[in-house]
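Asker: What follows is the residue order along each chain.
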Amino acid sequence: MPTMNIIEAVRDALRIEMRRDQRVVVLGEDVGKFGGVFRATSGLYDEFGADRVIDTPLAEAGIIGTAIGMALYGMRPVPEIQFGDFIFPAFDQIVNELAKFRYRSGGQYPCPVVIRTPVGGGIRGGHYHSQSPEALFIHTPGLKVVAPSNPYDAKGLLLACMRQNDPVLFMEPKRIYRASRGEVPEGEYTLEIGKAAVVREGTHCTLLAYSGMVSIAEEAAKKGEAEGVSIEVVDLRTLMPYDIDTILASVKKTGRCVVVHEAPRTCGFGAELIAAIQERAMDHLEAPILRVTGFDTPFPYTLEHEYLPNADRVLGTVRQTLEW
Amino acid sequence: MRMPKDAGDALDDEPVPATIEELQPLYRQMLAIRRMEEASAKAYSQGKIGGFLHLIIGQEAVCVGATAALRPDDYVVATYRDHGHAYAKGMTARSMLAELYGKKTGLVKGLGGSMHFFSREHNFLGGHGIVGGHVPIAAGAAFASKYRGDGRVTLCFFGEGASTIGGFAEGLALAGLWKLPVVLICENNQYSMGTPMYRSLAVEDVSMRALAHGMARDRFDGDDVLKVKQRIAIAVERARETNEPTLVEVVTYRFRGHSMSDPGLYRTKEEVEEWKRRDPLGRARSLLVELGAAEADLHALEDDVKAEIADAVGFAESSPVADEYLPYVIKE
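In order, the protein sequence lines correspond to chains A and B. Here the first sequence is numbered in the numbering used here, starting from -9 and rising by one per residue. Here the second sequence is numbered in the numbering used here, starting from 3 and rising by one per residue.
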């Protein structure tokens, strides 16, 4: 089986789907000959031409709005927003238009737009090239939010997203775009949207993580193992709709839980997960559910390493729940 | 300085050739829209319609004339003031009034109400409550018809108040850049809610924006439904034959307030009365009489419209209330 990094897996999924389905087009800033700022669309322009790999001006509202129109008409646009931080000019289009079409047309117009965007820190990008805005979109009814952590999931989930009819925000972890490498099957396969994966089994505490934080959680689990702490790591993979069944099964088994995300703490996705768990599994909890997150500040440039959760912070927080 | 294909600047109010055959059905549509709007206003004041209600009374010639220039499979994207456009595109008064009443039998099953009409059957891509947000969506629909080569044209309506917002600028930029078969129609009713043009626009000729995007433009008086039809037909033809977009500004006036809650105190009675003398319905009716239409025929037509709207009100009132909305958020 070939190995790929996340960028290559994303590109592979796009290529497969564009070959299979004439309705699929990609559009965005520099996605054409340039191949995208992270090279996710590299080579697609040469294979599929300017009509299907569409360079756009700097106009995020225009990009998403146009993609919506295409989708209503039966196309399958896959717009790229160059950095997750640049998605805000299109916020109105995503929240007010895209997410509501199925509803406000009484089910007549599903709107199959898959927005790809790189998110998260770890590349010293500073406050406009590092943010993790998932909570804003999870909070928007009508959107699906998918956040893979590895090449296998990235390809299988992206193919699944392009083959269903709801709008998706597909968040790619830019820090490990190339660092995360693994075996990826050739050709087609899809993974079910809305299913988490237990990526490491354990008995003392559950770590819930996604995107660039899964590898951090796994590192913390390895360190914990050396100290006799058995940690289960759940990769959420889809943030909306999230897989409450897998989460509850794990938490009921371990009795403890820590959520890890790099977005700021207040009203972050961790808050929702904790609420959802305690609503359903209070009797199974041995300790309060804790969070390891970014801080309630703009994303720092110089002190990025302090802002981002790391294995030691995660393991320290796991210990807090064990010592409760 | 003028661009090629430029027909802007002076507001053209020259009459156009007219026949009874062409004018009478358009008069009927305008009258049905007006009667429907009046029925809506009445139901609103009785508390039977909730939320917001933006009436198109006074502006009927624009949506009716423009839509008459289309093929049935062409697309229309409209604003929150969307009742006239929907009727002109073929939706029934029954389905529209039922939507306003929040009934299951409404256009979108009572989920949307006044500002949010849709009909897949009629290629009607919405009533849009976010000003200007629909302009790039219309560009996208036009992109898709060009991509598929199906020869369809998209009409996108908006007010002059939308011309300052980002969605309008970005939609225009992309339509111009990609040469999309879309006709962008500014229904300039001269007030952005309660703010007159001179307080909101540095250049009151909205069609001028076309110049920056290498786009054809046109600008004319919108009281004459036949003129609207004939001039929009030129832009539609251009879009269909050459994929070139056109920005058209049609100058019009709304007789009522911005919405039902607006008494319109920012304009004088004299101003409103002056515009009412140019009522597109009165103008069309006089012209029909001038062309030789029999009064008896016109009365019959008017009675027929009255019956149609009365039936639609009865239908809306007796339909079941919308009672579900969860199935329409996402399909899991």
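Careful: at least some of the hints might be erroneous.
Simulated coverage check for chain A against chain B, where a stretch passes if three residues somewhere in it have a Cβ under 8 Å from a Cβ of chain B [stated by the list, open to error]:
#1 86 to 93
#2 113 to 123
Heads up, incomplete: computed chain B residues facing chain A, CB under 10 Å, no partners named [said to hold, decoys possible]:
#3 Y77
#4 L109
#5 G153
#6 G196
#7 Y200
#8 F317
No lab work stands behind these hints, which were simulated from the structure alone. Every residue, glycine too, gets a C-beta built ideally from N, C-alpha and C.
Asker: Taking the hints in turn, state whether each one holds.
Answerer: How the hints compare with the structure:
no.	hint	verdict
1	86 to 93	holds (count 4)
2	113 to 123	violated (count 0)
3	Y77	8 Å, holds
4	L109	7 Å, holds
5	G153	13 Å, violated
6	G196	23 Å, violated
7	Y200	28 Å, violated
8	F317	17 Å, violated
Figure legend: structure checked against the earlier numbered hints; hints not met, in rising order: 2, 5, 6, 7, 8.
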